[in-house]
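Enquirer: So you can see what is in the structure, the chains are spelled out below.
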Amino acid sequence: MANIITRRSVLGAGAGMAALAAGGDAYAQTQVQAAAGVTAPTLPIENGATLRMLRPVRFVAPDEEVFRANCARFTQQTGVQVRVDFVGWEDINQQTAVTANTGAGPDIIVGFGDSPHIYADKLVEVSDIAEYLGRKYGGWMFAADKLGKRHGTNNWIGLPFGGTAGPLVWRKSAVNAAGFQTPPNDLPGFLDMCKKLRQAGKPAGFALGNAVGDGNGFANWLMWSHGASITDEAGAVSVNKPETLAALNYLKELYATFVDGGTISWGDISNNQAYAANNVFVTSNGVSLYFALKNDPATRPIADDTEHSFLPFGAAPSWPSAPLTLNAMVFRHSRFPNASKALLTFLMEQPQYEPWLNANLGYWAQPLNAYRDSGVWGTDPKIAIFRDTMNNRFWNGYKGPISEASGQANAEYVLVQMFASVAAGQATPEAAMREAERRARRIFRR
Amino acid sequence: MSAVAEKEWVRQAKAQSALSKLFDWKPFLVVMCMLPAVGLLMVFLTYPLGLGIWLAFTDTTIGRSGRFVGLENFEFMLEDPIWWNAVFFSVFYTGIATIGKFGLGLWLALLLNNHLPFKSMLRAIILLPWIVPTVLTAIAFWWIYNPQFSIISWIFIELGLRTTNIDFINTAWPARWSLIGANIWRGIPFVAISLLAGLQTISPSLYEAALLDGSTGWQRFRYITFPMLLPILAIVMTFSIIFTFTDFQLVYAITRGGPVNSTHLLATLAFQRGIPGGQLGEGAAIAVSMIPFLVFATLFSYFALARRKWQQGESND
Numbered sequence: 012m013a014n015i016i017t018r019r020s021v022l023g024a025g026a027g028m029a030a031l032a033a034g035g036d037a038y039a040q041t042q043v044q045a046a047a048g049v050t051a052p053t054l055p056i057e058n059g060a061t062l063r064m065l066r067p068v069r070f071v072a073p074d075e076e077v078f079r080a081n082c083a084r085f086t087q088q089t090g091v092q093v094r095v096d097f098v099g100w101e102d103i104n105q106q107t108a109v110t111a112n113t114g115a116g117p118d119i120i121v122g123f124g125d126s127p128h129i130y131a132d133k134l135v136e137v138s139d140i141a142e143y144l145g146r147k148y149g150g151w152m153f154a155a156d157k158l159g160k161r162h163g164t165n166n167w168i169g170l171p172f173g174g175t176a177g178p179l180v181w182r183k184s185a186v187n188a189a190g191f192q193t194p195p196n197d198l199p200g201f202l203d204m205c206k207k208l209r210q211a212g213k214p215a216g217f218a219l220g221n222a223v224g225d226g227n228g229f230a231n232w233l234m235w236s237h238g239a240s241i242t243d244e245a246g247a248v249s250v251n252k253p254e255t256l257a258a259l260n261y262l263k264e265l266y267a268t269f270v271d272g273g274t275i276s277w278g279d280i281s282n283n284q285a286y287a288a289n290n291v292f293v294t295s296n297g298v299s300l301y302f303a304l305k306n307d308p309a310t311r312p313i314a315d316d317t318e319h320s321f322l323p324f325g326a327a328p329s330w331p332s333a334p335l336t337l338n339a340m341v342f343r344h345s346r347f348p349n350a351s352k353a354l355l356t357f358l359m360e361q362p363q364y365e366p367w368l369n370a371n372l373g374y375w376a377q378p379l380n381a382y383r384d385s386g387v388w389g390t391d392p393k394i395a396i397f398r399d400t401m402n403n404r405f406w407n408g409y410k411g412p413i414s415e416a417s418g419q420a421n422a423e424y425v426l427v428q429m430f431a432s433v434a435a436g437q438a439t440p441e442a443a444m445r446e447a448e449r450r451a452r453r454i455f456r457r
Numbered sequence: 087m088s089a090v091a092e093k094e095w096v097r098q099a100k101a102q103s104a105l106s107k108l109f110d111w112k113p114f115l116v117v118m119c120m121l122p123a124v125g126l127l128m129v130f131l132t133y134p135l136g137l138g139i140w141l142a143f144t145d146t147t148i149g150r151s152g153r154f155v156g157l158e159n160f161e162f163m164l165e166d167p168i169w170w171n172a173v174f175f176s177v178f179y180t181g182i183a184t185i186g187k188f189g190l191g192l193w194l195a196l197l198l199n200n201h202l203p204f205k206s207m208l209r210a211i212i213l214l215p216w217i218v219p220t221v222l223t224a225i226a227f228w229w230i231y232n233p234q235f236s237i238i239s240w241i242f243i244e245l246g247l248r249t250t251n252i253d254f255i256n257t258a259w260p261a262r263w264s265l266i267g268a269n270i271w272r273g274i275p276f277v278a279i280s281l282l283a284g285l286q287t288i289s290p291s292l293y294e295a296a297l298l299d300g301s302t303g304w305q306r307f308r309y310i311t312f313p314m315l316l317p318i319l320a321i322v323m324t325f326s327i328i329f330t331f332t333d334f335q336l337v338y339a340i341t342r343g344g345p346v347n348s349t350h351l352l353a354t355l356a357f358q359r360g361i362p363g364g365q366l367g368e369g370a371a372i373a374v375s376m377i378p379f380l381v382f383a384t385l386f387s388y389f390a391l392a393r394r395k396w397q398q399g400e401s402n403d
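Note that the protein sequences, when read in sequence, are chains A and B. Counting in my numbering, the first sequence runs from 12 upward without gaps. Counting in my numbering, the second sequence runs from 87 upward without gaps.
Read the hints as simulated data drawn from the structure, not as lab findings. Note that the structure is predicted; figures quoted are calculated from it, not measured. Don't take each hint at face value.
[Claimed, not checked] Here are the in silico distance ranges between beta carbons for each label pair:
| no. | chain 1 | residue 1 | chain 2 | residue 2 | range |
| --- | --- | --- | --- | --- | --- |
| 1 | B | Leu-247 | A | Thr-113 | 56 to 62 angstroms |
| 2 | B | Ile-241 | A | Ile-280 | 21 to 27 angstroms |
| 3 | A | Arg-346 | B | Val-116 | 46 to 52 angstroms |
| 4 | B | Leu-127 | A | Asp-243 | 50 to 56 angstroms |
Where is the CB? At the ideal position from N, CA and C, for every residue including glycine.
Only chain B is shown next, with the shape it has when bound in the complex (with noise of 0.2 angstroms):
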C-alpha cells in the first residue's frame, strides 16, 4: 500500500479579532464576570448603607438636602433620654424574646421530633404564625391587647376574676412584656423548624448507644441533642437576634412606640424622627447608631461557627 499520505490539512486559524482578545485576558474576564455582581452590592447595599451614613452627618429633611454638621446629630442622641430608651428597650427587647423564643423552640421541635400521628400537619400548623404577614399579627395583637375591647380582658371579667379590663399596653412596663410576647408568639416557628432540621441530621445510632450505656433522657439531651445541635442554634440565634433587634411592624403596629416613647425601639423612633418628623439627618444617625450591635452580633455567629469544636462535635485542636 502505497497511499501517498495527503498533506495534513491544517485548519487555517483565523486571526483573533480584537474584541477576543480582548475577553481572552483573563483580567479583563475577571472583571467582567464579577461586574454584575459587583454592580448589585453596589446599588443595593453600598449606596443605600454609604447614603444613611451620610445622612447622619448631615441636617437633611426630607426634600431638602442639607448641610454636613459632623457630629452634631450624635452629640444631640446621647442627650436625648428617648434615644437611650430605646437602646434600653432595643436590648431588653431583644434580649427577652431571644430567651422565651429559644427556650418554646426548642422545646416544640423536640416535642416535634418525637413520632406524633399527624406529623406533617402539624409540623405545617406550627408554621402558620410566621406566615402569616407581621402586619396582620400586628393588628391580631392591638385587638387582644387594645385597652376597652381585648378579649383577654373580656373573658377574665366574664369569668368573674376581674372587674377592670387588663391594662396591656396603656403604661410602660406592662406595654413592653405585651410587646415581647407578641414577639415571641411569632418567632417561636421560625426556631422550631430551623431546630427541627437539626435534630433530624442527629444519627440515630448516637442514641442507641447512649441507651445501651444505660443513660438518662437528660442525659442523652446534655450530651448528644445539645452538642450536635449547638451549629445550627449559633446561626439560628444569630439570626434571630438581628430580626428581632431591628425589628419594626410589630411595634409600630401595636403602640408606635408608645406610651410616651417608653416601648420606642432604634428602628421605630429613627422611622419616627426620619420619616414622619421629616428629620431624615437624626433618623439616619439612630439608624447608624444599630451598626454597632449589629456588628457584636455578627462577630458573635462569626466566631463562634468558626469554632470546629461547634462543626464537628469534635475537641478544638
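Chain A with its partners taken away, still in its complex shape (with noise of 0.2 angstroms):
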C-alpha cells in the first residue's frame, strides 16, 4: 500500500484533502486550546529530503485518508516528499526490529508503545519537539509519558501517537436484571455478579486462549488488580507472590461463571462474536466491538444496549490496564533526521492532529492532555470512556523497566497460560505460578 507523494501527486490528492475538509467542517470550531508563544525548536530541513514511513494499518477508512493528506500537506510546505507505507498489526514489531538492526530502511516507524525501549541505542533522540509539544499541548498524559522517554530518564526516544485500551464492554439489560446499576468497582461484587449473570443464563466471558490483545489484557487485570506483577520495580521476575496466588485463586471462581463451551480456545476475535450472538453479555474488548454492532443494523439493538465501564480495580488505585500505544520513532540511520522530526511535530500540531483523532471517531485517543477537548469525545457518550485512555497507570511488563523481554512474556503468554491451566483444571494455582515463575525467568534472564 505505498504511496509517494511528490508535489505534482500532492494536486491529485483531492479525495483524501476532501475527507479532511469533511472532517474540518465537522469540527469548524475546534475546542482544543493550544498555549500561545511556546516557540518551535528550529529545525532546518536537510536538502534534498525525503522521508519513508511505516505506521500500522487503519482500523477506519479516514484514518488513512486523513493521515496521508496531512502528509501530503507536509509535502506542500515543506518541499519533502513523504512515502507512508502501511503495514499488518502482526508485521510491524518483526518490521521494527530489522529496521533497527540492519540500520536500513524506514526513516520514522509508527510501532507500538515498547519498541523504542528495545531499540533505544538506534533512535534519534527526540526530546526537543517532545517538550515542545507537551509545553503546547498542556503536557502529555501518563502512558505517554512513560512510554515516551527512556526508563529512568528525561529523555525521549519515543513520540507517542495515540492509544487505545479494552475496558469492560457490558450489556445494561442484563446487568440491571441481575440487580446492579453497573458493574461493581470491587472484586467479590464483580465476581457475584458474574454468578448472578450466570444463573440468568445471561453469563460473561473473557479470553483464555492464545489471544495477544484480549488474552493479555484479562491476565493483566487478574494481576494487577491483586496487587500481582509479573515484574518488580528493578525488573526482577515476582510471579511467586501470594497476590498471584490470590488472582489465581478468583479466577477459579469467575471462571466457573463463564459462557457455556469455555474461553481457553478463545481467540482475539471469539468475544466478539459471542457478544454479537447473544451468547456472552458481559466482556472486555476495544471500541471496535461496539462500532461493529452500531454499524450493523442486525446488531444495532445490542450496540444501544452496551455500555463500557472500568474493569474493577481491586487492589489497583486505578483502572489496571496498559493501553496499547502508538510510538513514533526516528532511526538513527535516516539522513534527514531534522526533517523526520519535522514532520512528526506538523502531524502533532492541532491543524493536522485534530482531524485524524476526530477522523478516527475514538478508536485512537490523544496522548497531549489538549486534545481531550476534540470534538469526537462529544460526538457519543458510550466511547467517552476511552477519552483518558493514555492516562492509565500500567504498562506491558509493569512493573519493570519496559524490554525486549517484557514483549517476549506477552506474546508467549506467560500469563494467560498461567490462568488458562487453573481455569481448565489442569494444574492446582501452586503449580501453574511456579510455572509461570519458571518461564517469566528464562525470558527475564538477560
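Fit the two chains together into the complex; they arrive one by one in their own frames, and the hints show the way.
Expert: Have a look at this one:
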C-alpha cells in the first residue's frame, strides 16, 4: 500500500483533502486550546530530504485518508516527499526489529509502545519536539510520558501518537436484571454479578486462549487488580507471590461463571462473535466491538444496550489496564533526522492532529492533554471512557522497565497460560504459578 | 579415364581458441554443468538448513545477531516441559493420524477401484479436501470446533441429545483428538488417490488366476493386493509421516497450540518461540530437534524401499 507523495501528486490527492475538509467542517470550531507563545524548535530541513514512514494499518478508512492528506500537506509546505507504508499489525514489530538492526529502511516507524525501549540505541532522541509539543498542548498524559521517555531519564526516545484500551463491555439490560445498576468496581462484587448473570443464563466471557490482545489484557487485569505483577520495579521476576495466588484462586471461581463451552480456546475475535450473538453479555474489548455492532442494522439493538466501564480496580488505585500505544521513532540511520522530526511535529500540531483524531472516531485516543477537548469525544457518550486511555498507569511488563523480555512474555502468553491452566483444572494454582515463574525467569534472564 | 584426382581438400583445422579448449577440458565441463544444480541446492537447501542449525547454537533474537552459546538452547529445551509435550504430541499426532489416514485411505482406494457409475467424477470429488488450501480447511474446522458456535454441538442440542456444547478444543485431550480428526480428513485423499494408482497397476490376470484357484476375497487382498501395493504404500507412508510430523497450518489456525500448549507440535512451537516470541535461537533449536525424527522416517523408507521383495514381489535373495 505504498503511496509516494510528490509535489505533483499532491494536486491529485483530492479525495484525501476532501475527507480532511469534511472532517474539518464537522468540527469547525475547535475546542482544543494550544498554549500561546511556545516556539517550535528550529529544525533546518536537510537539502533534498525525502522520508519513508511505516505505520500500522488503519481501523477505519478515514484514518488513512486523513493521515495521507496530512503528509501531503507537509510535502506542499516543505517540499519534502513523504512515502507512507501501512503495515499489518502482526508484522510491525518484526519490521521494526529488522529496520533497527540492519540500519536500513524507513526513516520513521510508528510502531507499538515498547519498541523505542527495545531499540533505544538505534534511535534519534526526540526530546526537543516532545517537550515543545508537551508545553504547547497541555502536557503529555501518563502513559505517553512513560512510553516516550527512556526508563529512569527525561530523554524522549519515542513520540507517542495515540492509544487505545479494552474496558469492560456489558449489556445494560442483563446487568440491571441481575440487580446491578453498573458492574461493581470491587472484586467480590464483580464475582457476585458474574454468578448472578450465569444463573440468569446471560453469562460473562473473557478470553483465556492464545489471544494477543484480549488474552493478555484479561490476564494483566487479574494480576494487577490483585496487586500482583510479573516483575518488580527493578525488573526481577516476581510471579511467585501470594498476590498471584489470590488472583489465580479468584479466577478459578470467576471462570465457573463464564459462558458454556469455556473461553480457553478463545482467540482475539471470539468474544466479539459471542457478544454479537447474544451468547456473552459481559466481556472486555476495544471500541471496535461497539462500532461493529452499531454499524450493522442487525446488531444495532445490542449496541444500544451496550455500555463501557472500567474493569474492577481491586487492589489497584486506578484502572489496571495497559493501553496499546502507537509510538513513533526516528532512526539514527536516517539521513534526514530534522525532516523526520519536523514531519512528526507537523502531524501532532492541532491543524493536522485533531482532524486525524476525529476521523478515527475514538479508536485512537490522544497522548496530549489539550486534545481531550477534540470534537470526537462529544460525538457518542458511550465512547467517552476511551478519552483518558493514555492516563492509565499500567504498561506491559509492569512494574519493571519496558524491555524486549516484557514483550516476549506477552507474545508467549506466560500469564494467560498460567490462568488458563488453572481454569481448565490442568494445574493447581501453586503449580501453575511455579511454571509461570520458571518461564518468566527464562525470558527475563538477560 | 584418366582423371587426375584432385588433391584431396582438407579443411584447415582452425587453431582452437583458449575458450573452446577450456570447454573441451572435461573436468571444467563437468563443473560448469553441475554448477547450476549445485548453486540451486546450496542457495535454497544447504544454506537455509545450515543457517537454521547455526542459529540453534546462538542466542539470536529477531533483528539482533546473537553470540554462540553452545548447547545452551538444547539444555533448556530438554528441561522444558512444553518441549517434551510438543514431542509427545508430534509423535502421537503423526502416529494416530497416519494410521487413520492409511486405514480409511486404503479402504476408499479399494472402493474406488471397483467399477462404479460416475467413476471419474467420484475420484475428482475425493480429491477436493486435498485441493482446498490447508488454511481454509483449518478455518472451516475452527468453526466446526468452535466452543460456542459449533454446528455439531448445535445439531446435537437441537435433536435433544445433549444440553451443553461439545468440548472440542477447550481442554487438552478433546483438542488433541479434534486436531487429529481434521488432519485425517485432509490427508485421506492423498493416500487414497496414490494407492488407487498403485491398485491399477496390479495385473487383473493375477486375480483371475486366484479366482480359478477358488480364493476368497480376503485371500485375494492378503496375498495379491497387499504385497503388490507395498512398494507404493511404503513411499506414500514416508511422505505422509513427514508431512504430518511437520504439520503447522492446521494446528496453528485451529488452536494456536492451546489450550495451554497442549496441542503444540514441534513446528508450531518452533514458530511461536522464534517469530512472535522473537527468540530465533531457541526456535531454531526446536526446529533442529525435529531432524532426528525426520531422518528416522527417511531411513525407514530408504531401507524399506531398497528391499527387492517389496519392489518386485519376489524373495529377497
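Enquirer: Just pull the numbers of the violated hints for me, sorted ascending.
Expert: none
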